[in-house]
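Peer 1: Got two chains here, each in a separate frame; can you build the complex from them with the hints?
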Amino acid sequence: LTEAVTARRTFLTTLLSAGLCILGKPPLVRASPSHAPQHNTLGLRLADLFTQRASVEVIGLEYLRSARQEQDSTTLSNLISSGCGHALGPHLADADLRECMRRRVRQDFAEGHILTMHGWVVSLTEARLCALVTLVFTSTTQRPLA
Amino acid sequence: MSVILRATHAGDGRWKSDNSVSLPRHGVQRPAFDQFSDETPSGEHGRQRRSYVLMDARQLPNNHRLETDLCIIGAGAAGITLARELAGQPFRICLLESGGLEFDGETQRLADGENIGLSYFPLHVARLRYFGGTTNHWGGMCAPFGESDFEPRPWIPYSGWPFPKSTIDPYYARAASLISLSRPEWRAASWNEPGKPQLPITGGRVATEIVLQADGKLRRFGRTYRDEVIHAGNIAAVLYANATRLEIDETGRRVRRVRVACLAGNRISVTAKIVILAAGGIENARLLLLSNEKHAAGLGNQNDLVGRFFMDHASLDVGIFQPASSNLSLDYYLKRRVKHSIVTAGLLLSPEVRQQERLVNVAVGLNPVYDETYTRALRSTGLASLRYMVKKFRKGDAPHEFGRHLRNVVTDLEEVAVAAYGRAWYGRRYPIDHIKLRATFEPAPNSESRVTLGPELDQFGQRRVRLDWRLSPIDKRSLRRTAEILAIELGRAGLGRVQIGVDDDDTTWPADLVGAFHHIGTTRMNDDPKQSVVDKNCRVHDIENLFVAGSSVFPTAGSGTPTMMIVALSLRLADHVKRLLR
Numbered sequence: 001l002t003e004a005v006t007a008r009r010t011f012l013t014t015l016l017s018a019g020l021c022i023l024g025k026p027p028l029v030r031a032s033p034s035h036a037p038q039h040n041t042l043g044l045r046l047a048d049l050f051t052q053r054a055s056v057e058v059i060g061l062e063y064l065r066s067a068r069q070e071q072d073s074t075t076l077s078n079l080i081s082s083g084c085g086h087a088l089g090p091h092l093a094d095a096d097l098r099e100c101m102r103r104r105v106r107q108d109f110a111e112g113h114i115l116t117m118h119g120w121v122v123s124l125t126e127a128r129l130c131a132l133v134t135l136v137f138t139s140t141t142q143r144p145l146a
Numbered sequence: 001m002s003v004i005l006r007a008t009h010a011g012d013g014r015w016k017s018d019n020s021v022s023l024p025r026h027g028v029q030r031p032a033f034d035q036f037s038d039e040t041p042s043g044e045h046g047r048q049r050r051s052y053v054l055m056d057a058r059q060l061p062n063n064h065r066l067e068t069d070l071c072i073i074g075a076g077a078a079g080i081t082l083a084r085e086l087a088g089q090p091f092r093i094c095l096l097e098s099g100g101l102e103f104d105g106e107t108q109r110l111a112d113g114e115n116i117g118l119s120y121f122p123l124h125v126a127r128l129r130y131f132g133g134t135t136n137h138w139g140g141m142c143a144p145f146g147e148s149d150f151e152p153r154p155w156i157p158y159s160g161w162p163f164p165k166s167t168i169d170p171y172y173a174r175a176a177s178l179i180s181l182s183r184p185e186w187r188a189a190s191w192n193e194p195g196k197p198q199l200p201i202t203g204g205r206v207a208t209e210i211v212l213q214a215d216g217k218l219r220r221f222g223r224t225y226r227d228e229v230i231h232a233g234n235i236a237a238v239l240y241a242n243a244t245r246l247e248i249d250e251t252g253r254r255v256r257r258v259r260v261a262c263l264a265g266n267r268i269s270v271t272a273k274i275v276i277l278a279a280g281g282i283e284n285a286r287l288l289l290l291s292n293e294k295h296a297a298g299l300g301n302q303n304d305l306v307g308r309f310f311m312d313h314a315s316l317d318v319g320i321f322q323p324a325s326s327n328l329s330l331d332y333y334l335k336r337r338v339k340h341s342i343v344t345a346g347l348l349l350s351p352e353v354r355q356q357e358r359l360v361n362v363a364v365g366l367n368p369v370y371d372e373t374y375t376r377a378l379r380s381t382g383l384a385s386l387r388y389m390v391k392k393f394r395k396g397d398a399p400h401e402f403g404r405h406l407r408n409v410v411t412d413l414e415e416v417a418v419a420a421y422g423r424a425w426y427g428r429r430y431p432i433d434h435i436k437l438r439a440t441f442e443p444a445p446n447s448e449s450r451v452t453l454g455p456e457l458d459q460f461g462q463r464r465v466r467l468d469w470r471l472s473p474i475d476k477r478s479l480r481r482t483a484e485i486l487a488i489e490l491g492r493a494g495l496g497r498v499q500i501g502v503d504d505d506d507t508t509w510p511a512d513l514v515g516a517f518h519h520i521g522t523t524r525m526n527d528d529p530k531q532s533v534v535d536k537n538c539r540v541h542d543i544e545n546l547f548v549a550g551s552s553v554f555p556t557a558g559s560g561t562p563t564m565m566i567v568a569l570s571l572r573l574a575d576h577v578k579r580l581l582r
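Same order as they appear, the protein sequences are chains A and B.
Numbering of the first sequence is given in our numbering, commencing with residue 1 and proceeding in unit increments.
Numbering of the second sequence is given in our numbering, commencing with residue 1 and proceeding in unit increments.
Be careful, since some hints might not be right.
[Said to hold, decoys possible] Distance ranges between label pairs, derived from CB positions:
#1 463/B to 66/A: 53 to 59 Å
#2 511/B to 78/A: 44 to 50 Å
#3 107/A to 189/B: 25 to 31 Å
#4 369/B to 116/A: 17 to 23 Å
#5 110/A to 429/B: 27 to 33 Å
[What the hints assert, rightly or not] Over 12 Å on every C-beta distance to chain B, these chain A residues come out as not near it, computed from the model:
#6 61
#7 62
#8 66
#9 67
#10 68
#11 78
#12 94
#13 97
#14 107
It should be emphasised that the hints constitute simulated quantities derived from the structure, not laboratory data.
In this text, a Cβ means the ideal position worked out from N, Cα and C, and glycines have one as well.
With the rest of the complex left out, here is chain B (with noise of 0.2 Å):
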């Protein structure tokens, strides 16, 4: 197979080469290529040739230099998004991803840093370098930011966005399509079921929402998308190509170059009219601050807030929910399929309560812990067997390690006995004992919270992050706040009693505290620099073709989750760089 190692482009927005080889579809994993063709049965003439770029960056020669209109640095849910609208348009795109098709333990230790905040996961697993970005172990889990969630809270220092809700509404409901969401509604009633009744809690101080919904077919960016990028004939994709550093030419005020380094050793550089940053909100900032070579504070910080304002929706159980019955119906509120849809609900102030008692929001879900008895029935290992063997058994097929199943019943019998009970006896609705409350929340921005450069150097030999996250007091204030409004709500409708698991120390948080693996805030957008890295059309502040995409424009956190609100305004940013291109 002969190796292309330059592509050049053919005037027409188009990528083309001198020769191209016939491989299979999806043979992509091979070495050395920046563009080839395959051939469907159908076309014009019978057979149909489709050209699809993909280069393996290891395998340019060192200091080569690649000439683009548009780079975007990561293919990830942002990257994908704005590459797959921007695809057939009159202008060639270089999509640069670290990685490539495929897990890669090497490339992804490039992700790894130091936590010195509050306890996080271990960087370099909250985030996936290669195509698809962290979509490749997403959940799929969408919640839609909420009217408030634009609008200055003059109690949460730094919140409200640079425009209403109504401006990214169109794109919303795009996002939502992209991401499948075979049936995007959020209220309540919709997903009303017989035999599934919403707690009777009334007076509108507390109110059931839909707090997260997936469809049961997932989104993979990188699998779902592959085909139409690579595909689209402008679109160049370039695997294990590391963005670096960013190149500002003399005026300071431009990005000149991208450069761009392999772990195989070779470096080599784009340069392009429009650069677009889409990495990740941990390596946003850390790319900004790497490229100090003419502004020594890094890119977009002349009023150092690169890298400050790291916020995830954190979680924690609040307290617990002794119901009035063991036998209450929670079946609304637990994780469940309506037709493709997966849905839970939760419990949530309204908006008018929040702003009384000066809150951030919270989401409650009720977590049910079952009876003892049923509880250890549940969780033994012959009820496992058995449920093993009656699954084999219903199709037809031998059960695996038959006697040894067989074994574990007969040791569990106790157990399979009182599972068999329950269920013959309340259906799914074993006897409740006790119901966690479990509370997610939006953290209020801290500048305190922050990402910058730690001491240790990479495979590169570029500084490493360090991730110093924070919480503030009114995240605590309005975690206790909210679970004593729920305790009284509760209390009211007569379902049972509270008890609060958040303590009075507004400094301190408990060990269960977990985020949530969304990297959010650390280049914020808002039209005033002062307060802000980037402008209400993602661009850097005195970089006139620097565009920052994905969940680290996010000024707030948000009532909802990031994946679609990073969908939409990647779809928002394309319909600007199509402008600006044009």
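Pulled out of the complex, with its shape left as it was, chain A reads as follows (with noise of 0.2 Å):
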């Protein structure tokens, strides 16, 4: 019960970051920092965005288990910036870029581009977007994959 209990409760932070970020709730997202990052990637640019980086891994495996053809970070990138009407790249500040994924995810909702993850409902482009740092940072710490 105590470890079913831990599971929701960071599984729920987890999202609770992600979609606090994405809707663009600052005090409980890292500042993001007043330089360009070392690493100028999307991956790391959102993986600054989360609080959770672990539980971030929670979901993020879990959807690179089920979507096998999306294990790269290219193509998940792209796939998350296709229906923000432009690319995502360093030109684009971070206000943007969580105005950019909140507009996403509230269509993902509304064209029932949803999955469910431990009986959480979550959109694609949040699923993706925990993917898609899950890669970044295994290849960061060459950590392989679960």
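Peer 2: What follows is the structure, encoded as structure tokens:
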């Protein structure tokens, strides 16, 4: 029971942080660096928005297991940015990035692009975000995918 | 005090007796009387004599026979509504009540029975057997039936009522008045208040609706309408009278006599032109099944339908809603008082979505679970003591056990400080940790969910009931799908995420499933005798003078709560009986 509760809370915290970053609630989101990030990749910038990186992996890994054709960061970046109307690149400010993600997530729900993971109903974009962050971290830390 | 053992009829629809005794107006608990009078100071001649008829069946001699025009079995919401509506009519009415005017444990045990199906309340606590019936512990919460409740829904077998909602609407309005709903208004917009917004869910698939409404002043039918009933003149209320069997005449098509037993040991009978069963959803079925002298399967049971289709509105948690903001305002949805009314709102799928998805009615309530720190603080003994002392001081009273309460506050000083901080900072809107989604649903009619007679016997040697409460796969699927659609719509609105708490196995039910004390469907109503026990006038098929009142006649449990519909149907039945007895 304790494990189940812990798992639920972890998952919940992850979603909370993911949801809040997408919805643009700064207090629970790590402050963006004032200078350009050292590794100016979308994955790392997105990763910077999460407070619970370990929890992101729970969702990310589950998504990557179920979507084997999306197991590289380029594919995921393209898929995530495809609904934003413009490419997600270094030129995009964090506020715009959040707004773009928020729009994309709500569009997912409207169009039925949703997934159920551990009972949580999340948008496809949310799941891909977590998968992308997981991939970036795995490659950065040289850890193999589970 | 002389004891009158027989009431006679004056011929003008009123009961009379040879003598009467003056008793206090509410001195009716005293034993051994069947009619007496009191005096009020006003009236044509200065003092007006008002007669009222109450009998204590235990004081009647064994084999005593009462004759009447109409016998109503059960003085609950249905029975009292009928009696009250027929007060002053030119015919006699005998209102039989199993208990007295107050709760009595021994009588209550007559309601006991066996549960063999899904986990359910002990049957002896699910109904009350004294004057006023189960309204004596009714919370007063009402919700209306909608148009679609009356229409056949092809995806729900046995759905549909034998008349449209418009047939019952006039009675529904009167029922609301009897229940004393001061503002029987159900449109969500009409309960808007400043600072209590509805959730901004658009698109029309999910709607906010008022799911429960009560009046601040509860209506206990027994207490509220007792005087009206017993002063009517044409009504004799017979207490401690347990109907045990309905006896059929030689034609097999008419009830000749109602057999009545008393826990004191004596037995009496009531002969009536018309009999109305109004003893509750379980006892109505039981009495029909027990009355098997002429019809082996019981009265009205030629198609093996009596006792089947037992339904209760059930509730369970269907998920967790994690709001995007911990400051989300849920005030509109939480139980709140608006002038004299108490209302609760919930989220429902639109009728179109229910039809498209082939679902039963499900209403989802939002129950916030506050941040753990505040939850602990709000539940602390110290805070409770502080509240108590403040309340007393405000009234100018000294708190009882002041020292103990003061110690509690000091011991829980941290919790008290947290609560005080929270109150000062957030008002009553403490930060929400998550919100439990609590669904209440209308189960689909299920013929295997049923009341039968069990092997155990009650104090009269009569078989007790055995309840096998069951639900159907469509119920579970409806809950899951409703939660899913809700999750999508909340996500689309950017309000947060939902974790579905309903598993994929449609044949099993979680432990937190709980009923609502609504006993529905065991003598269902339809014009086709092959599908029902009573016709659209609530008359038992093939029995000319036997009617059933109460929620046992509902063909479906509906999206509303039963009491207002019970009252409405009873008013309608009263109109029908008036026509028959005139």
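Peer 1: Is the nearest CB of chain B more than 12 Å from the CB of residue 68/A?
Peer 2: Holds: least Cβ distance 24 Å, greater than 12 Å.
Peer 1: Is it true that residue 107/A and residue 189/B lie within 25 to 31 Å of each other by Cβ?
Peer 2: holds (29 Å)
Peer 1: According to the definition I'm using, a residue is off the interface if its beta carbon is farther than 12 Å from all beta carbons of the partner; does residue 97/A meet that for chain B?
Peer 2: Residue 97/A is indeed farther than 12 Å from all Cβ atoms of chain B, at 16 Å.
Peer 1: Should the hint that residue 110/A and residue 429/B are 27 to 33 Å apart at their CB atoms be regarded as holding?
Peer 2: Given about 29 Å between the Cβ atoms, the range holds.
Peer 1: Mind verifying the non-interface call on residue 107/A? Its CB should be farther than 12 Å from each CB in chain B.
Peer 2: violated (9 Å)
Peer 1: Within 53 to 59 Å: is that where the Cβ-Cβ distance between residue 463/B and residue 66/A falls?
Peer 2: This hint holds: roughly 56 Å between Cβ atoms.
Peer 1: Range first: 17 to 23 Å. Now tell me if the beta carbons of residue 369/B and residue 116/A are that far apart.
Peer 2: Because 22 Å falls inside the window, the suggested range holds.
Peer 1: Regarding the assertion that residue 94/A does not contact chain B, is the least Cβ-Cβ distance greater than 12 Å?
Peer 2: The assertion about residue 94/A holds, with a minimum of 18 Å to chain B.
Peer 1: Looking at residue 66/A again, its CB stays over 12 Å from all of chain B?
Peer 2: The claim holds: residue 66/A sits with its nearest Cβ about 17 Å from chain B, beyond 12 Å.
Peer 1: So is residue 67/A really clear of chain B, every C-beta pair being over 12 Å apart?
Peer 2: holds (19 Å)
Peer 1: Confirm or reject: residue 62/A is not an interface residue toward chain B, with every Cβ-Cβ distance exceeding 12 Å.
Peer 2: holds (14 Å)
Peer 1: Measuring Cβ to Cβ, find out whether residue 78/A lies farther than 12 Å from everything in chain B.
Peer 2: The claim holds: residue 78/A sits with its nearest Cβ about 23 Å from chain B, beyond 12 Å.
The structure fails hint 14 only (numbered hints given earlier).
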